[in-house]
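If you read the protein sequences in the order shown, they are chains A and B.
Counting in the UniProt record's numbering, the final residue of the first sequence is number 404, and the numbers go up one at a time with none missing.
Counting in the UniProt record's numbering, the final residue of the second sequence is number 463, and the numbers go up one at a time with none missing.
Hint data in this document are derived by calculation from the structure and do not stem from the laboratory.
There's no promise every hint is true.
In silico contact screen, one side only, chain B against chain A (beta carbon under 8 angstroms); selected entries [stated by the list, open to error]:
#, residue
1, Asp47
2, Gln362
3, Gly363
4, Arg369
5, Lys390
6, His394
7, Tyr397
8, Glu400
9, Glu408
10, Ser409
11, Gly410
12, Ala412
13, Asp413
14, Ala418
Virtual Cβ for every residue (Gly too), placed ideally from N, Cα, C.
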Amino acid sequence: MSPETLYQRITDYANRANPYPLYAELRENGVTRQADGSYLVGTYHEIAALLHDPRISSDSRNRADPSTVPMFRRNSQQAFIGLDDPEHDRLRRIAMRPFGPPHSPGRIDALRADITRISDGLIDEFRDKDRIDVVEDFAYPLPVTVICRLLGVPHEDMPQLRAWTNAVIAGVDVTPGKDEESRQRAGQDARAAMGEYMGDLSDKRRENPSDDMLSALVHDSGPDGRLTRAELMATGTLLLIAGHETTVNLITNGALTFLRFPDAYRLLRDKPELMPRAVEELLRYEPPVHLLPQRTPLADVEISDVTVPKGAPLILVLAAGNRDPLRFDDPDHFDPTREDNQHFGFGSGVHNCFGAPLARVEAQIALNALVPRLEDFQLSEDPPPYRRSPILRGPRHLPIERVG
Amino acid sequence: MTGKPWKGRIVIVGASLAGLRAAETLRDEGFTGPLTLVGEEPHLPYDRPPLSKQVLLGRTRATEIGLPRRRDVDARWKLGVRAGAIDPIEKKVILADGELLPFDRLLIATGTRARPWPDPVEARLDGVLTLRTSDDAAQLAERLDAGPRRVLVIGAGFTGSEIASACRERGLEVTVAERGPSPLVGALGGALGAFAAKLQRAHGVDLRCGVTVTSLKGRDGRLTGAEFSDGSRIEADVAVVALGAVRNTEWLAGSGLAAGPRGVACDAGCRAFNMYGIVTDDVFVAGDVARFPHPLFEYQMLALEHWGNAVAQAEVAAHNMVSTGPHRRPHLAVPAFWSSQFGLNIKSIGVPTFSDHVVIAQGSLRERRLVAVYGYRGRITAAVTVNRAKWLEHYQYLIETAAPFPPESGAADRPDSAASVPSDVPDPQLLSHGPTVALTGHLPDRRLTLVRHEPTPTAAHRR
Ligand SMILES: Cc1cc2nc3c(=O)[nH]c(=O)nc-3n(C[C@H](O)[C@H](O)[C@H](O)COP(=O)(O)OP(=O)(O)OC[C@H]3O[C@@H](n4cnc5c(N)ncnc54)[C@H](O)[C@@H]3O)c2cc1C
Ligand code: HEM
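One chain only, chain A, in its complex shape:
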C-alpha cells in the first residue's frame, strides 16, 4: 500500500486526465476502507446493489462523524438529491409534474427545436475559425441556454449564475486541501445567493406566469401540493446546476473522444442515426459524473464480504463501475455501437438522473450538429486541461485546430 490512500490519489488533480488505471486498482482491491474511515466502491455489481439498497442514505447528515458532513448540508433546506424517501420521493414527484410524463409529456420535445437552433447558431459562429475551444464556444453555452429557457431564467443573468455555479462546485469538491474551509464557505454563500435568486424569480413567476417550468411549479398543484418557498429555492438551484454542468462535460467528452478515435468518428459522421447509442457509450466510457461522494449507510451493510458500518462515508465510483470487465466486454474500448449498455452515467435507483431525457436529447442533437464540423480538426493538446473537480470531471477547455 502506498502512503497515500487510493481515494487521495483518485482525487489528486495530477490524476484527473486519466484516473482509469486507479479505478482498475480500486476494482482489484474490492470494497476498501480508506484511512479516513470512508469506504470506496468501484465494482459494477456492488455499486448497483448499493444504489438500490433502501438502507443507503443520500443524506450525509446521517454520517457518524459530523466533520464529514459538508457545510452546506448542516443547515437550510436540502434539495432532493440529498434527501431520502419519503421526502425525496415527494419533492421529486412535485418537480417532475411540470417536467415529464405523465403530466407534462411534451415539455422536452418542445425544447428540441430550440436546442437545434441554439446549437446550429453556435456552430455558425465558429464556422470560419481555425481554432476553437469546444467548451467555451459550444459545449458550455448550449446547455446553459437550454436550462435557462426550460426554467425561465433570463438570459442576461447567466454570467452571475455561472460565477455562483463555479463556487458551488468548488465547494462540494472533495479534494482535501488547505483552502477546503474557505472553498466550502464560498460555495455555501453562492448556494444561498442562488437560492435567493431562484426564490425571487419564482415570486415574479407567481405574479406573471409564463410557459416555463418554474411558472408551472409555482402554479400547478397536484396531489402532493406545492413546494414551499424554501423548497422552491433548493429545487430551483438543484435543477439549474445539475441541469447544465454535467451536460457541458458530456458534449465536451464527446468531441474529445471522437477526435481521439478516428474510426468511431467516421462511423458517426456517416451514420448519424447511431448517435443515441454513441451517447450512451460516452456516458459509460467518459461519464460526466465520476463519483457519488455523499452516500451513508443507515445500518451496518454488508457488501462483498465487507461490512460498511452505519454512518460511514460511502463513496461510489460510478466511472470505475462503468469500466468493470465483469459487466462490460472490453470495457476500455470505446464502442459507439455497444449493446447491453446499462451504464451508471445517470446513476441508478431512486436518485437516478431526473434530467436524463433532456440530457440525452441535448447531447444527441449537439453532437450530431458538431460532428460534421470536426472534419478537418485535431486536438491542440491531448490531454486537454481538466477542471478541478474529481466528481464532475471534464475538460476546462478543449482547444482544437484546423489541420494543415
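Following the hints, put chain B with the ligands in place on chain A, whose structure we already have.
Relative to the frame of chain A, chain B with the ligands by itself:
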C-alpha cells in the same frame, strides 16, 4: 446464433404477444426458413394490458393497440383460423379450415381465454361480458360510454379490479362481487388484499366480499340485475365476468402432450413434455399457456399470466428452437407483473403466493406507498411495490440470491423494524378470481391413460 443455422419449417400457434416475440427472435437468431403464425383472432398481434386500462377509460381505442414490431418477421400469417389439433407422428398442425401445416418445430403460444359465466343461458344475456380480447374491450368500452346505471364486476382479481377502477374514474356506479375475503387476495395475500379492499371502498366501489353471485337476472334477453348468495340483489345493466382465465389447451387433447387445464408442461428450456413426462425436442411452449419449473421456487411448475413472462419465455423458446444442446438457454427470469388501478401503480416481482409471511419493508399502507416483502421458510420470495417501483430491483436481487427473510431493517423510509405477519394466501378454490400466478405442483402433469400412437394417433387422453 451459435453454430450452423438450423434449417427446417417452423409453425407458431397463437399469434399474440408470445407468438410475435418468438417469431421476431427466430429471425434475429438467423433463422431463414419458412415460418407460419396461426391465430384464432382475426387481428394482428396486439397488446392486452391496455384493454382493462386506457381502452376502458376511452384514452385509446381497442383498435389502436397493435404491438410495436421489433423487426420484420417475414412470416405467413394465418389469422382468423383456429388450430384444431396436432398430428404428433406426421408432425402437422391441423387447422379448422382443413389445411395441414407440416412443421419441423412447433411453438405453442395459445395463451388463455376468459373463464365464462357458468350458466350458459345467463351468460347470453345482453349486457353480460368478459374481457380478454380487443373485441371484448371494444364492446365493454361502448357499454361504458352508454352510461349504464350500474356495472357489476364479478371477481376481484387484477382484471376485475382494473375494470372497477376504470368505471369509478368514469363516474359510473360499480358493484364488485368477490367470493374470497378481499380483492387481489389470490395474488397478493391477506395484508395487501385488505389494503385493496379499503382502497376500492374509498373510491366508491360497492365491494362485496365473501359472497358469490348466484344468478344473473334478465328481462327480454337483457341483463337487469343479479342476486347474491347472501340473499341481496342489485340492479345492473352491465356485468363483467372476471373469473380468471382458462388455458387454451383443448386443441391439444390428442397430441400426447402434457397439456391440461393447468397449461402445457415444459422444461426450463421451453420444450414441451409429453404425457409420460418425457421431454419432446420439436414442440416448444411459451407464454400464458405454459407451465414450467422454476429453480427459485423449488422447481415447482409455475403458470404465469404475465406480460413480461410471455416475452422472456418466447425469446428463450425461439432461441432454443434453432439452437442445439449446449447452446440452449434456460428460462429463469424472475416473474414480474404490474397493474394500475385507483391511481396506484402496483408492481410485483417474484411469486407472492409462494410465501408464508409478509412484511411492509418500506413506506406504509397509510401513505399508499409501500414495499411489501414476502418470505417463505425464512427466505425472500417476492416483493410488491405500491407507487414505489424504483425499489424493485433491490428486491429482485434479494429474491435471486434467496436472501434471508425478513429483509434487514434500516430503510430510510421505514425506520422502525416492522413486524412480519402471515401472508394469508388463500386456497385458489375459495376465490372468484383466478390467481395470475399459479403454483401447479412438481410434476409435468397428472399421467392419465396410456396413449399408443400406433397405428393411428387418434386416442385422446382424458383427465
Ligand atoms: C385485460 C388484461 C389486462 C392485462 N394486464 C396485464 C398487466 O397489467 N400486466 C401484466 O403483466 N400482464 C397483464 N395481462 C396479461 C398479459 O396480457 C398476458 O400475459 C399476455 O397477453 C400473454 O401472451 P400470450 O401470447 O402468451 O397469450 P395471449 O395473449 O392469450 O394470446 C394467445 C393467442 O392465441 C390464440 N389462440 C388460442 N387458441 C388457439 C388455437 N387453437 N389456434 C389458433 N390460435 C389460438 C388466441 O386467440 C390468442 O390470440 C393482462 C391481460 C388481460 C386480458
Ligand atoms: C449529461 C448530463 C447529465 C448527467 C451525466 C447527469 C448525471 C446524474 C447523476 C449520476 C445523478 C445521480 C446522483 C445521485 O445518485 O446522487 C443525477 C441526478 C440528478 N440529475 Fe442529472 N445528469 C445530467 C443532466 C441533468 C439535467 C439536464 C438535469 C435537469 C434538467 C439533471 C437533474 C438532476 C437531478 C435533479 C438529480 C437528482 C435526482 C434525485 O436525487 O432524485 N441532470 N444526474
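When the least beta-carbon distance from glutamate 400/B to chain A is tested against 8 angstroms, hint result: violated (11 angstroms)
Interface hint for lysine 390/B, Cβ within 8 angstroms of any Cβ on chain A: holds (5 angstroms)
Status of the aspartate 413/B interface restraint (C-beta, 8 angstroms, chain A): Since chain A brings a Cβ to about 4 angstroms from aspartate 413/B, closer than 8 angstroms, the hint holds.
Interface hint outcome for serine 409/B [beta carbon to chain A under 8 angstroms]: Holds - the Cβ of serine 409/B comes within 8 angstroms of chain A, reaching about 7 angstroms at its closest.
Alanine 418/B as chain A interface residue, shortest Cβ-Cβ below 8 angstroms: violated (13 angstroms)
Given hint histidine 394/B near chain A, where the shortest CB pair must fall under 8 angstroms: Check passed: Cβ of histidine 394/B comes within 4 angstroms of chain A, closer than 8 angstroms.
Arginine 369/B as chain A interface residue, shortest Cβ-Cβ below 8 angstroms: Holds. Min distance 7 angstroms.
Restraint outcome when glutamate 408/B is required to lie within 8 angstroms of chain A by C-beta distance: holds (6 angstroms)
Residue hint alanine 412/B, partner chain A, criterion CB-CB below 8 angstroms: This interface hint holds because 3 angstroms falls under the 8 angstroms limit.
Restraint satisfaction for aspartate 47/B [CB to CB of chain A, less than 8 angstroms]: violated (18 angstroms)
Supplied contact hint for glycine 410/B, tested at 8 angstroms Cβ to chain A: holds (3 angstroms)
Hinted contact glycine 363/B with chain A - closest CB pair below 8 angstroms: Status holds, d = 7 angstroms.
Comparing the model with each earlier hint shows violations of hints 1, 8, 14; every other hint is respected.
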